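Both chains come to you apart, so use the hints to assemble them.
Listed in order, the protein sequences are those of chains A and B. Read left to right, the first sequence gives residues 4 to 110 (our numbering). Read left to right, the second sequence gives residues 563 to 733 (our numbering).
Just so you know, the hints here were simulated from the structure itself, not pulled from any lab data. Just so it is clear, the structure is predicted and the values come from calculations on it, not from any experiment. Note that CB positions come from ideal geometry on N, CA and C, so glycine has one too. Do not take every clue at face value.
[To be verified] Residues on chain A that point at chain B, a partial pick, calculated with CB under 10 Å: (1) 22; (2) 33; (3) 36; (4) 46; (5) 103.
[As the list claims (entries may be wrong)] Which stretches of chain A does chain B cover? Using the computed rule of at least three CB atoms under 8 Å from a CB of chain B, they are: (6) 62 to 75; (7) 82 to 91.
[What the hints assert, rightly or not] Every beta carbon over 12 Å from chain B, so not counted as near; a handful from chain A, in silico: (8) 106; (9) 107; (10) 108.
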Amino acid sequence: MSSTIFEPGLNHFLVVSALLFSLGIMAVLSKRNVIMVLMGVELILNSANINLIAFSRFTELSLDGQMIGLFVIIIAAAEAAVALAIVLNVYNRFKTINLDEINLLKG
Amino acid sequence: MELTTILFYLFALVTLGSAAIMVFSKNIVHSAFALMFTLMGVAALYVLLYADFLAATQLLVYVGGILILILFGVMLTSQGYTLSFKTITVNLIPASLISVGIAALLIFAFLTTNWTISEVAERTDTVYDLGMLLMGDYILPFIAVGVLLLIAIIGAILMSTRLSADNEGAS
Numbered sequence: 004m005s006s007t008i009f010e011p012g013l014n015h016f017l018v019v020s021a022l023l024f025s026l027g028i029m030a031v032l033s034k035r036n037v038i039m040v041l042m043g044v045e046l047i048l049n050s051a052n053i054n055l056i057a058f059s060r061f062t063e064l065s066l067d068g069q070m071i072g073l074f075v076i077i078i079a080a081a082e083a084a085v086a087l088a089i090v091l092n093v094y095n096r097f098k099t100i101n102l103d104e105i106n107l108l109k110g
Numbered sequence: 563m564e565l566t567t568i569l570f571y572l573f574a575l576v577t578l579g580s581a582a583i584m585v586f587s588k589n590i591v592h593s594a595f596a597l598m599f600t601l602m603g604v605a606a607l608y609v610l611l612y613a614d615f616l617a618a619t620q621l622l623v624y625v626g627g628i629l630i631l632i633l634f635g636v637m638l639t640s641q642g643y644t645l646s647f648k649t650i651t652v653n654l655i656p657a658s659l660i661s662v663g664i665a666a667l668l669i670f671a672f673l674t675t676n677w678t679i680s681e682v683a684e685r686t687d688t689v690y691d692l693g694m695l696l697m698g699d700y701i702l703p704f705i706a707v708g709v710l711l712l713i714a715i716i717g718a719i720l721m722s723t724r725l726s727a728d729n730e731g732a733s
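Chain B on its own, in the form it takes in the complex (with noise of 0.2 Å):
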């Protein structure tokens, strides 16, 4: 077997495994960790895929970022030391026939679909490439989309400090 495939399916299963932990993990502690370890395990898909400067957006974004803010959610909303960490779980039969359902919709179609597949020329690096297109084709969406940021920047630090002044005015 080669290399890659053995990758492939190293890191397939660190995601899959991960994310299946973080599901049925009783402590949110426990799921935010495991999900640590399936964004890990999506970023080396990514560079398995030839996409390498999403692999690192990815980290920086995902593991640096959105994990630590869901990390201080779990810290900031928990009442008591012990008690709250425990996730309920409702549905359960429900959810799991539905998210099964899907799964083998999703695979069925994938499957039976044939698609045009297109041999590309193996890249060395997308950095370049990506920074032209974002300069040149997708330049709109690009200032779009910084202007979101800035919107929900601005509308968290908002809410956030409106919520502290409240905390100082009840206390």
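So that you can see chain A by itself, here it is in the shape it has in the complex (with noise of 0.2 Å):
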């Protein structure tokens, strides 16, 4: 459908989201603090959600993707809410937020 192979299709954008997927995977990985863990699925949810519109863009997927794509949204707010309330408990409980040293199964 593009003329060249330069101008953006859906494979630019896919090829976009998957190294953003795989910068969250990254930050995931090798971060020990929380909050860059938190930031690291962040990054992977964006992603998700570029391939999702893209889809809807070019395929025959449509409005449904951006749907889909509202509702991941909103539930991103709500995990990074919770989340970051849980993570305030932990601060204080264990006055660190590094991962290695929460290691505690039972207060």
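As structure tokens, this is what we get:
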């Protein structure tokens, strides 16, 4: 459908989202600060959303893809609120948010 | 080159570059601000995909809400002034191997699949159609997600207020 290979088509958006996903995985795996891990999860959710909306633009998924993307954003907001409340509780108990030092199973 | 092409590459560069800064920065406040530019770049990509309502929602919810929450989390969980803004990086080699592998696998899968592309008519705005869908086919998920948000907010408030009550009891 695209006349040249440089014109942004479906594949270009998919590649952007794949790179964003791998950067999010990198943040989740290599950081030991809980908040950095949460930011990595936000990156992963955003990359999934780019995929959904790119498919809704270029294939027959149409507006359903945008609708799923909307629900992903809402659920990400709920997740961030609850996760940060949990992080504050963890910090209050352990006085640290380093994931390797939070190793108590039963408080 | 067309304007859309230039804009796409510009915003893809902004998104991926600031995401890389976010991941590899040592200072967590710098990471949070780089995340802001990533989220704005993603919103611009949504505009390029004719998703104007989602772009506005992305700006309002992510940049206006989640990022502020994250910054509050950074401020409230820092010990000392500068010491704990540093983030510790571990498992650097396995993590980069896994993420590069995932990226290569995903890009290979995306580029070798033969997607059936259908030419969609250019949309002027999506708000009306999305609203009709939300009140029609998607009414049940809409209500469910509303209840979910209510439960999440009540849970977050409950956890945070119990936290401050504990602090007062201890001191």
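Status of each hint after checking the structure:
no., hint, in the structure
1, 22, "5 Å, holds"
2, 33, "4 Å, holds"
3, 36, "5 Å, holds"
4, 46, "6 Å, holds"
5, 103, "8 Å, holds"
6, 62 to 75, "holds (count 10)"
7, 82 to 91, "holds (count 9)"
8, 106, "15 Å, holds"
9, 107, "17 Å, holds"
10, 108, "19 Å, holds"
Checked against the numbered hints above, the structure violates none of them.
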